[in-house]
Amino acid sequence: MISTVEYHDTFIRYSDEGYGEPVVLLHGYLESLEIWDGFGNELARDYRVICIDLPGHGRSGVCAALDTMAIMADAVKSVLDFLGIGRTVIIGHSMGGYAALAFEDFYPETTIGFGLFHSHALPDPADILANRDREIELVKAGKKQQFINVNISNAFATDNHDKLADKIDWARKIALATPDEGVIHALEGMKARPDRRDVLKVSTDPVLIIAGRKDNYIPFEVYEQHFKLAPDTEVVILENSGHMGFVEEKEQSLEGIRQFLRKIYS
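Numbering (numbering that gives the first Met the number 0), first residue to last: 0 to 265.
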């Protein structure tokens, strides 16, 4: 089922599939809930899976205020409140991981576990901040396709480009459909996000970290810095994935998440 919930001056779209204990999947930058097609419904065989279009992405509206990670977390909370879900596991891909960390920061009573899927708790370094500013200017100039084509290709490990050409094209189409205002809001929101390593350090919830050995966006050393930050951390290393493990190594990713959910919900 796909529906919407009112959120301040706009609305948030979500899907709700399956029965059982809940798990929320949050997409990344330039993605939508459709990025979980073929993945979320596999989890829905055993769990209630809620996928959410974060503000300014997919078919969710763009908030009047800047879409900071805190606003994204609040939008997720609004969906959960609407659905009557009091406690859940939240797993976020890339930017969705930043939102999941913000959610754990502001609503720890609602999470019973969370996952960073190709994501981390660090703020943007200077070179990334400069690149986000460059992308903002390209969007304003009507040239977002210039960086989207490169960004989406780089999200997949170079070794996987030929065999996953159709998936790269699919992800590119989702990215190009992201509204310009939503892209700019997300970029500004990611630029403004704080260091949330302390959220991991003090969390009493189990944490899942899924890392791609061939990730072009997150150096493996950054992943390694996170493996022992939280007291209770499960680590899944995808040896043949870049930044899109739920596509590049779907079965390994599913099994890692299933094991994590079984641990929490057993």
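Careful: at least some of the hints might be erroneous.
To be verified - What follows is a set of in silico ranges between Cβ atoms, one per label pair, in the way DEER data are often shown:
{"hint": "1", "residue 1": "Thr9", "residue 2": "Gln145", "range": "36 to 42 Å"}
{"hint": "2", "residue 1": "Glu108", "residue 2": "Ser2", "range": "21 to 27 Å"}
{"hint": "3", "residue 1": "Tyr106", "residue 2": "Gln224", "range": "39 to 45 Å"}
{"hint": "4", "residue 1": "Asp158", "residue 2": "Arg86", "range": "37 to 43 Å"}
{"hint": "5", "residue 1": "Glu136", "residue 2": "Lys162", "range": "32 to 38 Å"}
{"hint": "6", "residue 1": "Gln145", "residue 2": "Pro124", "range": "19 to 25 Å"}
{"hint": "7", "residue 1": "Glu108", "residue 2": "Ser152", "range": "37 to 43 Å"}
{"hint": "8", "residue 1": "Lys162", "residue 2": "Tyr106", "range": "14 to 20 Å"}
Derived by calculation from the structure, the hints in this document are not laboratory data.
Note that the structure is predicted; figures quoted are calculated from it, not measured.
Even glycine gets a Cβ: it sits at the ideal position worked out from N, Cα and C.
Comparing the hints with the structure gives:
1. Thr9 to Gln145: 36 to 42 Å: Violated, at about 28 Å.
2. Glu108 to Ser2: 21 to 27 Å: holds (25 Å)
3. Tyr106 to Gln224: 39 to 45 Å: violated (25 Å)
4. Asp158 to Arg86: 37 to 43 Å: holds (39 Å)
5. Glu136 to Lys162: 32 to 38 Å: Between glutamate 136 and lysine 162, where Cβ atoms are some 35 Å apart, the hint holds.
6. Gln145 to Pro124: 19 to 25 Å: holds (23 Å)
7. Glu108 to Ser152: 37 to 43 Å: holds (41 Å)
8. Lys162 to Tyr106: 14 to 20 Å: violated (40 Å)
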